[in-house]
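S.K.: Letter by letter, the chains look like this.
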Amino acid sequence: MKSESRLIDLAIRYGFLVLLAGLVVLFSVVAPGFAGAYSAVFIFQSVAITGILALGVTCTLVVGGFDLSIGSVATSSLMLSAYAMVVLEMSAVTAVILCLVMGAVVGLVNGILIVRFKVPDLLATLGMMFLLIGLQRIPTEGRSIATGMTLPGGGTAEGTFSPGFLQLGRHRFDLFIENLLPAPVVVFLVVALAIWVFLELTKHGRLMYAIGSNERAAGLAGANVNRYKIAAYMISGVTASIGGILLAARLGRGDIASGNNLLLDSVAAALIGFAVLGAAKPNAFGTAIGALFVGVLLQGLTMMNAPYYTQDFVKGAVLVIALMFTFALSERKKSGGH
Amino acid sequence: MAVCEIRHLTKDFGPNRVLRGVDLDLVAGAVTVLMGANGAGKSTLVKVLSGIHAAGGGTVTLDGAPFAPQSPSAAMRAGIATVHQSIDDGVIPDLDVASNLMLDRMAEPGAALWLRGRRMRAEARAIADTMQLDLDVSRPVRDLTLAERQLIAIARAMTREPKVLILDEPTSSLSAREAERLFALIDRVRDQGVAILYISHRMSDIRRIADRIVAMRDGVITGTFTEKPLDTEGAVTAMLGVSMTDLDLEPATPGAPVLTATGLRLAPDAAPFDLTLAKGEVVAVVGLVGSGKSRLASVLYGLERPDAGEIVLNDTPYAPESTAEAIRSGVFLCARDRASNGVVPDFDITRNLTLPFTARHSTGWMLRRRSELAATRDMIDRLGIVCQGPRDAILSLSGGNQQKVMVGRWLSQVSEVLILDEPFQGVDIRARRDIGAHIRETAPERATLVLVAELDEAVEIADRILVLHDFTIVADYRNEGLDLGAVLAAVSGRPAPEAAEGTHTV
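If you read the protein sequences in the order shown, they are chains A and B.
Letter by letter, the first sequence follows residues 1 to 338 of our numbering.
Letter by letter, the second sequence follows residues 1 to 506 of our numbering.
Please note that the accuracy of each hint is not assured.
[Said to hold, decoys possible] Some chain A residues near chain B, calculated using beta-carbon distances under 7 Å:
#, residue
1, Lys203
2, Ser213
3, Asn214
4, Arg216
5, Asn226
6, Arg227
7, Leu277
8, Ala279
Read the hints as simulated data drawn from the structure, not as lab findings.
Owing to the predicted nature of the structure, the values given are computational and were not obtained by experimental measurement.
Every residue gets a Cβ at the ideal spot worked out from N, C-alpha and C, and that includes glycine.
Can you make the complete structure from the sequences, with help from the hints?
M.R.: Structure (structure tokens):
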């Protein structure tokens, strides 16, 4: 009985990490070329942007909320940066600042809708998602933005993406090997570290977790519940806009159709994160690992010539299994604990 | 004639025995009022009778047949209908009165698939007429007043022609005039020969409606009163219990006033009162549920504003706008009902303990885990919290030890005024002694206000005992040679003449 519960305990804690390691070993053996620095970097690059969005949504999950608008904030940020530089001919710095402010404002509005107007979080952010998807199409009459495009008012867009801006998505840093580490991966790692430190090591992160676990108790202990909730949605908005900026820099054009999968992929990564180290709650480290897990799986399957259209199915299956890990097993642990 | 006989009924929740052998008869055509303080086991008894919980042991018979319902609908079919405290559990606001009255009929297996509006309304009107409800059955329930909804919930329960009708605090949110309409309905139900179990704390209700009073305390029936005129004071004594403990308590001499409230009004129509809390003094407030204890705590802690009055804290005006402001001013509240208001279930002992004071355990934004752990270890030693270590999950502790963490949370930092709302709720006698002893030990450094349900808890901990009734302080005793009868009289709303003097001793 005792050894069995210890085994379950270990499975809950390390199950997902073991599974991840196992997958890496498996793919390294089966798929030639999987093991290697470039392949690893490719995986990181493929998950960097969804990972950044996932870290933002993790913050809203921590306070017991949810943010469905992250995907549309990212695509809005993509379109806004393109519009600012290509149509309005602004500098890269201005465009980046504009996008970050947009993300923060969207987060603020989400937060206010939720805490002041008492709109349920899923509905508020769903509404915001539709609003942004529609809004980002208005200035260009639904077309993608590229240098030389015809503007709605006649004339052509003369501006270009500045080379500095494009470097955000395309530059590669040297790490042991020349031109190894892409800029978005570095941004992902920095954001992950920052969110992890914020949530785990600061008093603000602690109070946000308290709010997510027992809002009344946190309020009675003096935490400003509303302010923390709004802050969580603002963090989510800003990280989503960072994701959008990186996407714009990688694509080099304001592509209206990209970013469709961002929302589902990043939510999946954050939820898979619940299962990592048996946390059974949203956490930054788990989210990063969750994003990586999906990336490894997809890269491995691709290299084994699995068709692209199976990808969503695989992601869904991983998510369902991870949620089972989290809720069924940790429930057993709780009831068996005392 | 007893319709329902309950014998040695027990119920445990984990290690916690909530019902310890209840013996109770419910009599046809009579209203049995059940009185009991918080945690006495009233709600659990109701939940067992209404099929929400299964009994742990003992027997219940209904009309001579054994009664052990597996579900609320089974209880209802067997003949026990319950109207729960929260009215909206009993009605569906978006449907009209007719649909609400006929809802149980519709949910029956074998009920017709198609709704026939006219026939349904006719049947509903017939029900409403027999109950003498003066209501338009086609109106949506959401347009009705709280009292009318309550009447519909009862009428709905009556469509099942129950043998026993349980009413759980039906007047808790009604005005006196609305309540009278309810009583008229209850009178008619009684005349139909139904046995009614009526749970209430309002003395005025009890005097108006009770045929019998049953007092409950700590999971057993402690008194049954059937002789007219009903001895309500005896019932309050039985419910609050004055099992005197051999605790030697020397009332402290109060120091300088820390908090002074003048002309404080806790409800628009309540009498204003003054309140002074002095340094080194432990003041207990006793009163029935609904007497305004929680309102007093909320006002002092910045959760609610008083209807009138000034509060001065250490010579500066004190009108906190938020809990954070109250804490900054040094006024702490250890809230009642730790599961919903205190414990953060995902956190360990340390994180729970330091929750309000994360800023004091931080350098800038960064938490100092070592300082948190040190504070927690210190509190584990001081309060004798039984655990493996400060990193144990809070939910792995027993109820009493969880409560020690909740109290320890607010003892871990120095306060000006410490308010403890029901600090002994749901803890065993051992934990209660540990907590009480520590509160008294640390009392010299602050003013302490303890809100308790039971008088012997107050006697065990306080230097001074205040009695709250109808949102105002009606009596003030020094805890020395106390005349418990007088205190109990004040609690039940009839202050003995000498009780009002404020320095009553015997």
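S.K.: Next, verify each hint and record whether it holds.
M.R.: For each hint, the structure was consulted:
1. Checking A/Lys203 against chain B by beta carbon gives a least distance of about 4 Å; that is within 7 Å, so the hint holds.
2. With a least beta-carbon distance of about 4 Å to chain B, the hint placing A/Ser213 at the interface is held under the 7 Å criterion.
3. A least Cβ separation of about 5 Å between A/Asn214 and chain B falls short of the 7 Å threshold, and the interface hint therefore holds.
4. Taking 7 Å as the C-beta cut-off, the interface hint given for A/Arg216 holds, the closest approach to chain B being about 5 Å.
5. The criterion of a C-beta within 7 Å of any C-beta in chain B is not met by A/Asn226, whose closest approach is roughly 10 Å, and the hint is violated.
6. Of the supplied interface hints, the one on A/Arg227 is violated, with its beta-carbon coming no nearer than about 10 Å to a beta-carbon of chain B, more than 7 Å.
7. About 14 Å separates the beta-carbon of A/Leu277 from the nearest beta-carbon of chain B, more than 7 Å, and the hint is not met.
8. Nearest Cβ of chain B to the Cβ of A/Ala279: about 10 Å, over the 7 Å cut. The hint is violated.
Hints 5, 6, 7, 8 from the earlier list are contradicted by this structure; the remaining hints agree with it.
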